[in-house]
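**Q** First to last, the protein sequences are chains A and B. So the first sequence is numbered by my numbering: it starts at 80 and just counts up by one. So the second sequence is numbered by my numbering: it starts at 7 and just counts up by one.
Hints may be right or wrong, so weigh each one.
Covered stretches of chain A, going by a simulated chain B footprint (3 or more residues, C-beta under 8 Å) [stated by the list, open to error]: (1) 152-160; (2) 194-208.
So these bits of chain B aren't anywhere near chain A, every CB distance computed over 12 Å [as the list claims (entries may be wrong)]: (3) Ser103; (4) Gln132; (5) Pro138; (6) Tyr142; (7) Arg150; (8) Thr224; (9) Glu233; (10) Gln284; (11) Asp285; (12) Thr288.
These are computed hints drawn from the structure, not numbers from a lab. Please read all numbers here as calculations on a predicted model, not as lab measurements. Note that beta-carbon positions come from the ideal geometry of N, C-alpha and C, so glycine has one too.
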Amino acid sequence: MSDHIVKSFDDDMKALSEELSRMGKLVRDQLGSAIDALEQRNVQLAKRVRKNDKQVDAINADIEERVMTILALRNPVAVDLRETIAALKIARELERIGDIAKNTAKRTSVIVESEPVNGIEKLIEMGRLATTTVDAVFNAYAARDVEQALRIRISDQEIDTYCNEIFHIVLSGMMTDNSNINACSQMTFIAKNLERVGDQVTNIAEAIHYVVTGDHIEARRPKNDKTSSTAVPEADND
Amino acid sequence: MTQLLTSTNKVSYRALTPELELMGQVNVTTETEFDNAKFTCRDVRVHYGSLEALHGIDMNIQDNGVTALIGPSGCGKSSFLRVFNRMNDTITGARVSGEVLMDGQDIYSNDIDPVLLRARVGMVFQKPNPFPKSIYDNVAYGPRIHGLAETRVELDGIVETSLRKGGLWEEVKDRLDDPGTGLSGGQQQRLVIARAIAVDPEVILMDEPASALDPIATAKLEVLIDELKENYCIVIVTHSMAQAARISQKTAFFHMGDLVEYGETAKIFSNPEDKRTQDYITGRTG
């Protein structure tokens, strides 16, 4: 992309993009730390994640401010307009992923109160996968790589599959030993939230596609989340 | 006003330019096939002496709408605008070739009187140019020379209607005998539009009509253009991207004498096909 005649416009766009990358990295670290805290049963780390969410919110506010300024002062059109609007959309998705990291940390504090239950390893694997996709989608954003964004979009199915498996395991666990119900119910919430992270990453991938090509992806993307129709194991035999 | 020509045919822009599209010279970003093409241009070239300023333009212009012509200085957009009312005829050394059909009729054929053509195709310039006459006489001038009014009452009616359509009536109705040149710049521009409307044109060409106006006068002019498009074919040359985006339905980007891209305004300003268009509208060096 060639430079704007008005160099300060380039500077504004570059700063916006860099700020968004910084937010992406922070959110990725937040989610990674939340999963670490869950794996290590580390309440201190979980607390830190909850506290750091304020930073994510602050960057989000800063990005909104920058977008407003660019819209008001630069009157962006074409690719500049798409970049600006996409930054706003992506920041919003990241802010939600940040909230999920915070929420996971909060639930971790409850989970560590009981002994580790079945399904926790799967949940951690799922968390790692979700973190990796956040990372991947940000690499795709940095490189404005549409192909990579599209691959990530399709891979969301894998996260959905994890979510279904964890639901089955955790529901079975609750049936056999109801002393774990507190931890188990928190785990189902975390799994469902991580599944949402997959959806948010997908939205970011679609925003990247829009920035680069100017076209919205129309084809329905594959989905595999079946938790909304999952009942306790006995019900399966009916 | 005598209709010089009648039939409005459905003319396919796409059908006119398949070769050019294949050569990648023209991007038809959207379906620019109109049921209501006012003008159909084919291989239009404008020469100034030995210099070819426009290199064979194929383009339809919609009726009842605003078409914006944009592009850097010297790209040929004003030359192209002047093709529609044969104003290039008045420039020494200028020569137009190719075919320009208005409602299907060749406006460059020998049996067309350029003076009558210019009554049908009015023009508004960058600098407001009211005659050194009263407001009333400015508007009445055209109807008088074309004999459009039999009586004074009839002429009064034309003047009032035109000033109303020009969005100026309320501001000047009590001082119609004041000189037109005493109005503000924005009012003068609307007076000139009223003057053009008075001879009952079908098309209004505008060459940078707002570039000498302040934002309020510009906004009033844009509101007026938006109203006029219901009844007129409007073609406007503008250097203001924002203005083109605000008031036009179709935008054509010219560059070095070529029509680079032509399509729906919303499409051109959100997702242009050609890199040259993108560089121009986003203010890049290219």
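**Q** Of all the hints numbered above, which does this structure not satisfy? Sort the numbers upward.
**A** The structure conflicts with hints 2, 10, 11 and 12, although it agrees with all the remaining ones.
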